[in-house]
Amino acid sequence: MLEQFGYVGIFLLIATGFTVLIPLLPKLFKLMGLIPGKKTAAKLVQYECGMQTIGKTWVQFNFRYYYFAVLFVLLDMLTIFLYPWAVNIKDLGVGGLVAVGIFLVILAVGYIYAWRKGALQWK
Amino acid sequence: MTLLDQFQKMLMTAGLPDWAAYLVPALVGIILIIAVSLTLVIIFIWWERRLLGRFQLRLGPNRCGPEGILQPVATGLKLLLKEDIVPAKADKILHFLAPIVVFVPVLMIFAVVPVSEGAILANLNIGIVYVIAISSISTIGIFMAAWGSSNKFALISGMRTVAQMVSYELPVVLSIVGVGLVTGSFSMLSIVQAQSIPFILLMPLGGVIFFLGCLAEMNRSPFDLLEADSEIVAGYHTEYSGMKFAMFFMGEYGVALAYSAVIATLFLGGWSGPLLPPVIWFLIKVVLVFSFTVWMRATLPRLRVDQLMSFAWKGLLPMAVINLVIIAIEVLVVPASMLWLMVILNFAFAAVLVLLWSRLFTLGGGRVEV
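Sequence order for the protein chains is C and P.
Just so we're aligned, residue 1 is where the first sequence starts under my numbering, counting upward by one.
Just so we're aligned, residue 1 is where the second sequence starts under my numbering, counting upward by one.
Heads up, a few of these hints could be off.
If you anchor each label on the Cβ, the simulated ranges turn out as follows [as the list claims (entries may be wrong)]:
| no. | chain 1 | residue 1 | chain 2 | residue 2 | range |
| --- | --- | --- | --- | --- | --- |
| 1 | C | K30 | P | G15 | 46 to 52 Å |
| 2 | P | L360 | C | L74 | 21 to 27 Å |
| 3 | C | Q52 | P | R359 | 36 to 42 Å |
| 4 | C | L21 | P | V352 | 49 to 55 Å |
| 5 | C | G110 | P | V279 | 45 to 51 Å |
| 6 | P | I140 | C | V109 | 53 to 59 Å |
| 7 | P | W340 | C | L2 | 53 to 59 Å |
| 8 | P | A133 | C | F61 | 23 to 29 Å |
| 9 | C | I54 | P | N125 | 52 to 58 Å |
| 10 | C | L25 | P | V354 | 45 to 51 Å |
| 11 | P | I344 | C | M51 | 55 to 61 Å |
| 12 | C | N88 | P | L3 | 43 to 49 Å |
| 13 | P | V28 | C | K117 | 55 to 61 Å |
Interface residues of chain P toward chain C, partial, derived using beta-carbon atoms under 8 Å [stated by the list, open to error]:
| no. | residue |
| --- | --- |
| 14 | V24 |
| 15 | L107 |
| 16 | M159 |
| 17 | V166 |
| 18 | M247 |
| 19 | V321 |
| 20 | V331 |
| 21 | P335 |
| 22 | S337 |
| 23 | S358 |
Keep in mind the hints are simulated off the structure, nothing from the lab.
C-beta atoms are modelled at their ideal positions from N, C-alpha and C, and glycine is treated no differently.
Can you make the complete structure from the sequences, with help from the hints?
Put into structure tokens, the structure is as follows:
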């Protein structure tokens, strides 16, 4: 199995090298004079929506989905526990199913609580 | 035994040292994958534009080459020769790195997509988990682009893509558990081999949930909120031009192709099919899935953000969990020789669940909020 992961590692190296080359290509073409490179002040202003930007651009942002993110982390944990069980379900049998069922019921209580509290509401 | 292993064994018997016998097949396979996937992406860009044209009662691009198939090449050349503008106020490093971080994971997905019996680069035993893990990295790239380009609209788009990823990741991983339950493995090869009946018939609800989740993960209509032109200009790639923009564009279509291939592998039986060679069957299924996403893009309007979130959290997530429990019980109770019973049962359950949840999400005449 390790050599299979080795293929993925080699792929990562080659893919990264290949991908880094793509944005460097225009730089090479600019040196060869194939593409224009006249920088003016107006050109280097960020486009945004066509108007002049008002104020700072890195503004404080209303982070609306904080609860979603917390719930996501919690429930993603759930799936980590489900994966090994899913592969071995035939060996674990009914006992495993009951255990996972209890686990799911506990999480369902929390989920319903979050729903009733309005944590799943995009405000 | 994959084709790469056979190639490796052949080189070993030819007398090459171990490291060369390991490296040469890997390099050949990787270069083949990159070349073929990029060519397919170019063809898919043309295919989508033609198909969209048909849906809108026009011709679509038909000037460059036969049937306009060289149009994406012309577009690529045009983008290659464009001036590369980086805004003066942008975060230069993030601005440069973002397209790379988006594009590399897209290529990486193809490492575990089996094209036919044994034709796979890395036969990982956790193949599908690998796909989920690696494809989430693209989201970071999109957020880097949004933050780095110093643009308020791009920032909104970046926030939206994270919200979308956070919401739709869960239904996707939960519907994959259903596949794992039936197969008993997460390796892509064994998933295809286990499909005597395609899993879309065996677990229709799981297939639909996975498809919708993938649609949201690859940011296509009706979930393309992060580049909603009418609201936030062009989203995260507003400040990009030239080749970097082309990389985002290619990345978007590459992800569409990769997820089409993954859906075809997981739920449509991959390369298996009668008469035709396996590669052709695989391509037919990939094109079918992709055409279906184009059809959805042409038909459905874009969702609102709150609708998008509540659809994932209040609709898909509970349905995915219930579907999972149903499949688990069926795998334990229904004997393997009576899979058709499972098909009938699952279609009945899917119909009941979809009806129940559609009552919750009555739009228009009913409630909009849930």
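Hints, one by one, checked against the model:
1. C/K30 / P/G15: 46 to 52 Å: The hint (46 to 52 Å, Cβ to Cβ) holds, given that C/K30 and P/G15 are roughly 48 Å apart.
2. P/L360 / C/L74: 21 to 27 Å: 23 Å, holds
3. C/Q52 / P/R359: 36 to 42 Å: 49 Å, violated
4. C/L21 / P/V352: 49 to 55 Å: With Cβ atoms ~53 Å apart, the hint holds.
5. C/G110 / P/V279: 45 to 51 Å: 47 Å, holds
6. P/I140 / C/V109: 53 to 59 Å: Once the Cβ atoms are compared, 33 Å apart, the range 53 to 59 Å for C/V109 and P/I140 is violated.
7. P/W340 / C/L2: 53 to 59 Å: 40 Å, violated
8. P/A133 / C/F61: 23 to 29 Å: 27 Å, holds
9. C/I54 / P/N125: 52 to 58 Å: 54 Å, holds
10. C/L25 / P/V354: 45 to 51 Å: 49 Å, holds
11. P/I344 / C/M51: 55 to 61 Å: 60 Å, holds
12. C/N88 / P/L3: 43 to 49 Å: This hint is violated: roughly 30 Å between Cβ atoms.
13. P/V28 / C/K117: 55 to 61 Å: 56 Å, holds
14. V24: This hint is violated: P/V24 lies away from chain C, its Cβ roughly 11 Å from the closest one there, beyond 8 Å.
15. L107: 4 Å, holds
16. M159: 6 Å, holds
17. V166: 4 Å, holds
18. M247: 6 Å, holds
19. V321: 7 Å, holds
20. V331: 6 Å, holds
21. P335: Nearest chain C Cβ about 12 Å off; hint violated.
22. S337: This hint is violated: P/S337 lies away from chain C, its Cβ roughly 15 Å from the closest one there, beyond 8 Å.
23. S358: Where the cut-off is 8 Å and the nearest Cβ of chain C is about 18 Å from P/S358, the hint is violated.
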